[in-house]
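Could you build all of it, start to finish, from the sequences and the hints given here?
For the record, the sequence lines run as chains C and L. Each residue of the first sequence is one higher than the one before, starting from 1023 at the first, in this note's numbering. Each residue of the second sequence is one higher than the one before, starting from 51 at the first, in this note's numbering.
Misleading hints may appear alongside valid ones.
[Stated by the list, open to error] Reference excerpt, derived from the structure (chain L facing chain C, CB under 7 angstroms, subset only):
no., residue
1, ASN86
2, GLN98
3, LEU114
4, ILE116
5, LEU142
6, PRO144
7, LEU169
8, SER177
9, ASN404
10, TYR405
11, PRO409
12, ARG412
13, THR414
14, MET416
15, THR465
These aren't lab readings, by the way, just hints derived from the structure by calculation. Cβ atoms here follow ideal geometry from the backbone N, Cα and C, with glycine treated the same way.
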Amino acid sequence: MFEHHATLKRHFSALRTTADFFSLRYVRESGQYLSVRKNVAEPPHLSNDEGAMLTVRLDGVEAYAATNDISLAGLQAALERAEQQARQIKPHALLDVRDQHVSSDIADYLSPDLDQAFPSLSDCYHLLGDESAAVPKDERLVSWDVSLGLTHVEQIYLNTAGAELRQAQRFVFPGVNVTAFDGNDSQTRTLGGSNFGQQGGFEVINRFGLVGAAPRIADEALQLLLAPNTPQGPRDLLLMPDQMILQIHESIGHPLELDRILGDERNYAGTSFVKASDFGHLQYGSKLLNVTFDPNIPEQLASYSHDDDGTAASKQFLIREGLLIKPLGGALSQFRSGMSGVANSRASSWNRAPIDRMANLNIEAGDKSLAQLIGGIENGILMSTNRSWSIDDARNKFQFGCEWGQLIENGELKGVVKNPNYRAISAQFWRKLSAVGDASTTKVLGTPNCGKGEPNQVIRVGHASPACVFSNIDVFGGDA
Amino acid sequence: MNTFKALVEWLKQAITEKEQFHLSYAAEASEFVRFNHAKVRQAGQVQQASLNLKLINDGRHADLAITLAGTPELDRQRLADGLQQLRETLPLLPHDPYLLLNHDAWHSHNEQAQPLPDLALVLEDISQATDGVDLVGIYAAGPISRGFASSDGAFGWHQANSFNFDFSLFHANGEAVKANYAGHTWDSAEFARRLEQARNQLEFLGRPLHTLAPGQYRAYLAPAALEEIISIITWGGFSAQAIASKGSSLQKLYAGEQHLSPLVTVNEHVSGSLSQAFSSEGYPRGDVTLINAGKAEGQLVNSRSAAEYGLSTNGASSDESPSALQMAAGSLAEADILKQLGTGLYISNLWYLNYSDLPAARLTGMTRFATFWVEDGEIKAPVSTMRFDDSVYSLLGSQLEALTAERELLLSASTYGQRNTASNLLPGALVKRLTLTL
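Written as structure tokens, this is what we have:
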């Protein structure tokens, strides 16, 4: 672990510059993606990646150069390119960052159970193969896939203020999906995939419940084929955690990103319906809504001690009892706006610069069991597992779709319905939050696929959420 | 190219008689400059190079992506380490029944070395043209290289210098117009013309917003708006594997149960495009007619699907998505668009599309950037952001009235992981009925 640390430190000390300040962020990532599709092992995709980003500050202007050449000569050349870039953009620069505080922290962060070996590639294939073979023989089951992604990331951050931050993390992404087809309609049921990932070792797979999941997932896909379409009209909506994470992500996470509010993302990811003046004033949701930025849940995807600019991370309430308090803004956005924020300046890898990202963005548990949530609904629907997401560039008008729906009548779960969709407006939706599940309904989930930024970056984010009920939401089905 | 060739030569002598390889190469040196409020918000340079090594031995194979260091000795060492890692991996794998290798020793070479624009000039041009304008966006420029070689002697090389300035101009009321200037040679006058065009549209966006109720409206989808619809369809829509496994949104089109308007003909037209003419699996890529006069025709077939479903490969990518898609032009003259639209919506861009019902090809998405309400052929007012929910079989089928005679070449501004070389050549589409829902 951190085998390049000593060399990097030596190179860092030997770098020569006229810059007032510079930092080096080295990232090494190795990956392994395995899948068994319809009982046939797909060839494994392995990867080994490493490189470094040098960031300089020169007369208040910041610029970066990322390089795959981490020799002393390569790093020196990158540093000089960054300096040249800073000089070139100076007459046109938006920001003067000479007074922005820089980190001098020293810390290490490790994923849980990092010292425990992960099963071998052939053991992993056996596990996936056994699960794939457990999908029942039924000619309507036309496609299925059992997969396992594994990523190791090491990052070393050094700067001229003395910061020395090391992180070693292991991420595990199991998934199962099955598609059923009856000659007319097709329905897919998924467990995990882009809805699940955690830091840790093999115990992540146990927590996920991969072993034995395939027959149940296949049965649910067949049930959906036989199910009627979701009826149209307003209903109370019970969202399970694997849909809540998408709901949090799109209609709380993105609109609270401070760089969006400051306009950086207007050309691509978009802006926000939230204004800087709303913090401390806007009743974002009902009194039941408590949203936290929490880097301290060890297994969650974006738990860390420091962000990629070196700022120490700690748990913060962004929304308390429905009141909007704090944005998702890292050190630079805080400096620009004069607002307080969180340690969420993050980069997808060595070749992209840190920007404001979600990290672990969670909804705090309430006090209702799942039975109580269901029992409190007279005319409603349970929806589970996101399959479709669409929201406007200000993160306000949205339409989301799930794989699995179940009607709720007079406090009881009833029949399965297919193609469950719902649409609403963020600014109103969270005020309709009428019940929040307790810790027994909470799941620690996340996604490896959050896209944003120019140049584009895809990053891992964590979301933990209980099941939640929203009153009187516009619900509808599909065409089939 | 020499760096890649040297690695190929080393690998050829390093493998055993029983082993075979595919080696692909991707490199770029990119300048990225982000703008906000017409000033530089963030700027930097990225230098990256990587290999993808596939090692094949006795029906088993595995892929390894390796980031190169940029120094010959270390690069050779990383390739040697990678070869060893794959040698240790292959015995752990079962035979792959869908391995289909191309043993042809094909050659392909495309190199374009137009000088890149000088960043100082670009910054000065942008600064001058945006006086008093709120511009936000990204300028990306630099050389891109792609290579492929196999142990059977195939060799492909693609290298091009390019720039892509993707930007929007914002009115003080929050409305915006999107524009793009991309290509090989930066022409200050041409850039100024494009910016002026966008600036002119901003004037319309300053008018009071026209509020629309959900309902059905006539609409004109400009090429960039149509591109959003085409792009989501290409998420597996033309993929042989997705069609066979019922994950394609066009499964009913390919089953012959649905059809589009006879005006709709769609091709993957690799020849002459900005994308490389070879796949990462070692096959030359051919042109494919995907939809012919509203009916499904070809599919995008990679070697794996070819083996699994008994089809012929056409050099499709590993995800079987197009990268040089063209839609045939129609007959609606640009000057007649507003007149023929009459009363309805002029939509410059759509945004964040997804499926309401995938097998039914039913889509939802948002209007974004410069959407106008038109009455009797005249632009009246900008329209607030609206959500639509409609079927492809309606929008490009029963409700498609006309396609424009002029098409626009839309170059991808995507930079996930690396700068994208995909493009779409598309007309605008006039539709009789677009359903707005929120």
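Results of checking the hints against the structure:
A hinted interface residue such as L/ASN86 counts as satisfied when its beta carbon comes closer than 7 angstroms to some beta carbon of chain C; here the least separation is about 5 angstroms, so the hint holds. Restraint check, L/GLN98 versus chain C: the minimum CB separation of about 5 angstroms is within 7 angstroms; hint holds. The closest approach between the C-beta of L/LEU114 and any C-beta of chain C is roughly 4 angstroms, which is under the 7 angstroms cut-off, so the hint is satisfied. At a threshold of 7 angstroms, the smallest CB-CB gap from L/ILE116 to chain C is about 5 angstroms, leaving the interface hint in force.
With its C-beta approaching chain C no nearer than about 4 angstroms, L/LEU142 sits inside the 7 angstroms limit, and its interface hint holds. A least Cβ separation of about 5 angstroms between L/PRO144 and chain C falls short of the 7 angstroms threshold, and the interface hint therefore holds. Taking 7 angstroms as the C-beta cut-off, the interface hint given for L/LEU169 holds, the closest approach to chain C being about 6 angstroms. Interface hint status for L/SER177: upheld, as the beta-carbon distance to the closest one in chain C is roughly 6 angstroms, under 7 angstroms.
Given hint, L/ASN404 at the interface with chain C, holds; its Cβ is 4 angstroms from that chain's nearest Cβ, closer than 7 angstroms. Look at L/TYR405: its Cβ gets to within about 5 angstroms of chain C, closer than 7 angstroms, so that hint holds up. At its closest, the beta carbon of L/PRO409 sits 5 angstroms from a beta carbon of chain C; the interface hint therefore holds under the 7 angstroms criterion. With 7 angstroms as the threshold, the beta carbon of L/ARG412 comes within range of chain C, its nearest partner Cβ sitting at about 5 angstroms, so the hint holds.
A least Cβ separation of about 5 angstroms between L/THR414 and chain C falls short of the 7 angstroms threshold, and the interface hint therefore holds. Checking L/MET416 against chain C by beta carbon gives a least distance of about 4 angstroms; that is within 7 angstroms, so the hint holds. Interface hint at L/THR465: satisfied, since its Cβ lies 4 angstroms from the closest Cβ of chain C, which is below the 7 angstroms cut-off.
When each numbered hint is compared with the structure, no violation occurs for any of them.
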